[in-house]
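Let chain P serve as the given structure and place chain E on it in line with the hints.
Which chain is which? The protein sequence lines are P and E, in order. Just so we're aligned: the first sequence equals residues 1 to 428 in the numbering used here. Just so we're aligned: the second sequence equals residues 1 to 428 in the numbering used here.
The set of hints was computed from the structure by calculation and includes no laboratory data. Treat the numbers as computed from the prediction; the structure is a model and nothing was measured. Check the hints yourself; a few may be wrong.
Heads up, the list lumps identical chains together, so a pair's fine if it works in one copy or across two of them.
[To be verified] With a Cα cut of at most 27 Å, we get these calculated DSS-like pairs of lysine-lysine:
| hint | residue 1 | residue 2 |
| --- | --- | --- |
| 1 | LYS68 | LYS423 |
| 2 | LYS422 | LYS123 |
| 3 | LYS26 | LYS189 |
| 4 | LYS184 | LYS235 |
| 5 | LYS99 | LYS369 |
Number of protein chains: 2
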Amino acid sequence: MNIPRTSFPRIVIIGGGFAGVALAKKLSKQEVQVVLLDKHNYHTFQPLLYQVSTGGLEPDSIAYPIRKILKDFPNFYFRLANVEEIDTEKNKVVTDIGKLKFDYLVVASGSTTNYFGNAEIEKNSMAMKTVPQSLNLRSLILENFEDALLTSDLNERNALMNFVIVGGGPTGVELAGALAEIKKGILPKDYPDLDTRMAQIHIIQSGDCILKGMSEKASHKAEDFLEKLGVQVWKNVRVTNYDGKTVTTNTDLTFETATVVWAAGVKGATIKGLDAEDFITRGNRILVNEFNQVKGFGHIFAAGDIACMVTDEFPNGLPMMAQPAIQQGEQLGDNMLRLIEEKPMEPFKYKDKGAMATIGRNKAVVDLKRWKFQGVFAWYVWMFVHLFFLIGFRNRMVVFVNWVYNYIRFDREARLIIRPFKKKLKSE
Amino acid sequence: MNIPRTSFPRIVIIGGGFAGVALAKKLSKQEVQVVLLDKHNYHTFQPLLYQVSTGGLEPDSIAYPIRKILKDFPNFYFRLANVEEIDTEKNKVVTDIGKLKFDYLVVASGSTTNYFGNAEIEKNSMAMKTVPQSLNLRSLILENFEDALLTSDLNERNALMNFVIVGGGPTGVELAGALAEIKKGILPKDYPDLDTRMAQIHIIQSGDCILKGMSEKASHKAEDFLEKLGVQVWKNVRVTNYDGKTVTTNTDLTFETATVVWAAGVKGATIKGLDAEDFITRGNRILVNEFNQVKGFGHIFAAGDIACMVTDEFPNGLPMMAQPAIQQGEQLGDNMLRLIEEKPMEPFKYKDKGAMATIGRNKAVVDLKRWKFQGVFAWYVWMFVHLFFLIGFRNRMVVFVNWVYNYIRFDREARLIIRPFKKKLKSE
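Just chain P, same shape as in the assembly (with noise of 0.2 Å):
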């Protein structure tokens, strides 16, 4: 890769998401090169990528040039590429546009969806962890209401307004509410010659309570919200398979469905050569240490998703989420100009600052340290913490509109199928 050598060492980043920007935003300015690589050429706020796929949001308000990020920055390169492998004997990482030499290494690959192994799965469930993905669910959702219509089989137009989520952490939980005020408020007026009552909203969790991670109280109110809109919420059932047409359980339940999104899982997206056994530990996660170093390696760092650092809290490593993300990064980076400097690099501590999830209009759940609170006010607070981590101005605002007309009207207006999913269009 066509990358000049300077007397600055260099730091390749694999990965833009939370923990990479974050950490590249830190070694800006300063006497170091840095080399981020990334397979899209923007960074994505993934909270809210459900809202792009019920056509609440506009992908491009999720989405945030990388360049720009770090535009005033002399010493940053980014390149578009799909990170290959790494060698750790030669310090290289090979790519898709040729290999490049590192003197440090911080693997930031973040997580991808966790199938179990099962393939059928796999292949026929929808994911949520990307933009393209999100928009595919989008057309999906759509393109399946419009062939509803088209068919006299009950049963079939049944299974094509079906929505079967599987797994209740926040991601399964806002996805479920999302569609179930599109059910109530879109549906009826968009297909008035459909019987949209029949539409059914899912969600099946394999452990006794949605939102896990939470607080009792905020699970137990998620639940009431989402039966409140109508979102049935299966508990103690496990997906077993799904073959395009029926999901099967370890129950007797099953259900007939066009479409079944697996929010079931994640698993960090580790990249071969650095995958040795005996640091790659549950998840598919590389175990670092307080310092973000993977085992073995003094100049090879993993943040983010990827990363397991285990805590007295956290004996299982921190949440794959946002927040341990980016404090990894931030402080990897002060940690790494120490390292360089050959001063004492300091353990990361997690400020945990708590968690939170929408389920719709006025309602949704946050958990902070010392205060748990649901309703109204938890949804203010959710849209303004949302915001406020949003990068960019023009994405704010934007976000902004979006919400306050989608407040105000009851309505999602990027209810669009631009690709479609299921057939691709003679001519666009």
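Structure of chain E alone, referenced to chain P:
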């Protein structure tokens, strides 16, 4: 197709563009059944597609769900369908989702890119008539700059940074201006390690002026504006071929480029079964009388780009633009109601509201009937008119936010490669 028969006459409209939507709105709440067919589930505001291609606007802000436009009209049916054939004997349209009988038919299928029979140009160049096409162009432009970073071959790098726009109409001129502003304002910041001064923007026009349909003053001023922005304007040059690498012309001029945008012509998007030689006229348009009736039929109409309505002022047919389409759609609505009530129809009279084009910030040309002006004020008028004609309050707000932001910050933030055009994403 599964649409109930009522006692009301059924009007089938093919196409949800300016003409189709204006017509459907006129027919709403009348004693007719309206079935609108379109291959997209949204109306596209085509005049702003070039801003999507250049990252200035998100596609969702210039598209509007067709179902929403007519949600309060109980006798309105929309179907997402490709119309394959019109059976004028049995009064049926044949589509990919089934057949449909009509009492009245309005073909408002618009226009498509005219390559004048050159299959190689069609294969290798980009068009900008639909949202997906515009997004493809956006991806290609950005991918080219990413690729330019990777090559050490100077000729290849220049080809990746050269843009050839064929056609000096409003589309070509507006796109060229937008690319020139990107070159000036964004590329040097985004690609500090690339000599973006080498990027060239060419506009090739076969005639002896650009913006042919406008006043001489507008044409000259637009050319001035383009030249000030660094666009190279080639007049009296006709492109003869583009093999994916080299543009050849009828002169000695050739251009090495990875990106050709073909904006040199459009033609009517005719449909099999309604393409008899005796009424298909130049530009593949359907000749209609002053009531938009297709020759030989009393109940089959054509409106908008596809319809060639000859007037004293426009012996080759009304221009293929938004205004004639909207006006025809509206008047045709009134006329169809008159026809159904067996009242005499009124001949269409085109109210020429003028034409306008924008070249860049503070740079536009406006021709009104009595007043032609250029520059800053023209630019404000251009923006106001486009915001006014855009459908939907949310769209107007989002476009407005983007424009204010882009103006103040000299920026275009939607420079995102969401669906790569050149190479497919390995995993999304």
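Hint check, failures only: 5
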